[in-house]
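J.: Chain residues, written in single-letter form:
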Amino acid sequence: MTATLPEQDLERHFERTIEHDQRIEPRDWVPEAYRKTLIRMIAQHAHSEIIGMQPEGNWITRAPSLRRKAILLAKVQDEAGHGLYLYSAAETLGADRAELTDKLVNGRQKYSSIFNYPTLTFADVGVIGWLVDGAAICNQVPLCRSSYGPYARAMIRICKEESFHQRQGYELLMTMMRGTERQRRMVQEATDRWWWPSLMMFGPPDGDSPNTEQSMAWKIKRHTNDELRQRFVDMSVPQADALGVTLPDEDLKWNAERGHYDFGEIDWSEFKQVLAGNGPCNAERVAHRRAAHDGGAWVREAAAAHAAKIKESVA
Amino acid sequence: MRSDWPLYEVFVRGKRGLNHVHVGSLHAADDEMALHHARDLYTRRNEGVSIWVVKAADITASSPDEKDPFFAPSGDKVYRHPTFYDIPDDVPHM
Chain A
-14 MTATLPEQDL ERHFERTIEH DQRIEPRDWV PEAYRKTLIR MIAQHAHSEI IGMQPEGNWI
46 TRAPSLRRKA ILLAKVQDEA GHGLYLYSAA ETLGADRAEL TDKLVNGRQK YSSIFNYPTL
106 TFADVGVIGW LVDGAAICNQ VPLCRSSYGP YARAMIRICK EESFHQRQGY ELLMTMMRGT
166 ERQRRMVQEA TDRWWWPSLM MFGPPDGDSP NTEQSMAWKI KRHTNDELRQ RFVDMSVPQA
226 DALGVTLPDE DLKWNAERGH YDFGEIDWSE FKQVLAGNGP CNAERVAHRR AAHDGGAWVR
286 EAAAAHAAKI KESVA
Chain B
303 MRSDWPLYEV FVRGKRGLNH VHVGSLHAAD DEMALHHARD LYTRRNEGVS IWVVKAADIT
363 ASSPDEKDPF FAPSGDKVYR HPTFYDIPDD VPHM
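Line by line, the protein sequences are chains A and B. Residue numbers for the first sequence follow this note's numbering, so the first one is -14 and each next one is one higher. Residue numbers for the second sequence follow this note's numbering, so the first one is 303 and each next one is one higher.
The shape of chain A in the complex, shown without the other chains (with noise of 0.2 Å):
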């Protein structure tokens, strides 16, 4: 009986801190739904970021040139540190960060869909750059106003960083663009591949995202997945243009009277298909995850016992 009027109280603060777009700080009352929510999206988002290290890894003993190599070993390590500052932001609303790891190798967890499309050439980690990280930027700079502070933190030094994951993949793909007639049809190629699925990473459409209503309630997302779709799609309009690449979508044009570029029907049943593990690269991508995480167990336990044993001599 007494519990019960706390507890209204405490949900009163809670609505009333987002209300006037505040902050919630670690250790505020919060709703059970809303911490999970939030985990739930944090942790997936962190397991995306380490997921995304493999496509582009792929490539880094392969690039064409030390410049090149440079750069892609820093973007690669830029993705793990933003998986880490995701983690961390999740442990602050008490998920524990090994079982995270667990769910992700064990597939109770998901990661974005893009990360399971392979990288067959050097201008797909270009195209990566331009439209997976472009797209994650729109994505992202919205979650720096999320209702979550740790966590639109941790975004904040996110999209800073992903500013130039963007710009060296444009970068990448201007300089195949004024090379041979077979690098400029690699750079078509690969955009063909990738644009699409860029398409699918915000999401399913409004009517079909059940998260959406509730999150865009909590301030937890600011814009639902269409706008942000619609959004990434004028952005990246010119830019194709600027490149000189077609993106492939006969149904792309202007709409003078809604001011936004129109785009075809997009597949969602690959979508579906590449979410339920059936995607050219799913089981590649946990298998690799675990048994680096495996792999590495010999040395985290190594690592705690020499931790014990310079604790005991101290003691």
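Honestly, the hints are just simulated from the structure, not real lab data. One should not assume that every hint holds.
To be verified - With a straight-line Cα cutoff of 25 Å, these simulated PhoX-like cross-link-like pairs (lysine-lysine) come out:
#1 A:K145 with B:K317
#2 A:K296 with B:K357
#3 B:K317 with A:K294
Unchecked claim - Some, not all, of what chain A presents toward chain B, calculated at C-beta under 8 Å:
#4 E10
#5 Y70
#6 R82
#7 R285
#8 A292
#9 I295
Ideal placement from N, C-alpha and C gives every residue a C-beta, glycine not left out.
With chain A fixed as given, assemble chain B onto it according to the hints.
T.: Relative to the frame of chain A, chain B by itself:
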């Protein structure tokens, strides 16, 4: 087997003249490793000239649930602020 590395909170001084500011957390086996990880994770772009790491378990924090009563003693002392005092406009350097 799980080998639990403790959680450390990380504070970075962005440049000389500024305070250390909390930037996030990380796991490490010991203090020295925590410093190295903090450098790699939070200062990849010259974001810092000095780093503090401290085990999260060693931090004592005020409880957000009781923040109103906890900070109440400073809430009703308007006379601690310069604007509380009326001074004529023509008095210089006040």
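J.: The structure should be examined with respect to each hint, and the outcome stated for every one.
T.: Quick rundown of the hints versus the structure:
1. A:K145 with B:K317: Holds. K145 (chain A) to K317 (chain B) sits at ~19 Å (cutoff 25 Å).
2. A:K296 with B:K357: With Cα atoms ~14 Å apart, K296 (chain A) and K357 (chain B) stay inside 25 Å; holds.
3. B:K317 with A:K294: Roughly 36 Å between the alpha carbons, so the hint for K317 (chain B) and K294 (chain A) is violated.
4. E10: Holds, because the Cβ-Cβ distance from E10 (chain A) to chain B comes to roughly 7 Å (cut-off 8 Å).
5. Y70: Holds - the Cβ of Y70 (chain A) comes within 8 Å of chain B, reaching about 6 Å at its closest.
6. R82: holds, 6 Å
7. R285: Given a least distance of 5 Å, the restraint on R285 (chain A) holds.
8. A292: Given a least distance of 4 Å, the restraint on A292 (chain A) holds.
9. I295: holds, 7 Å
Of the numbered hints given earlier, the model fails hint 3 alone.
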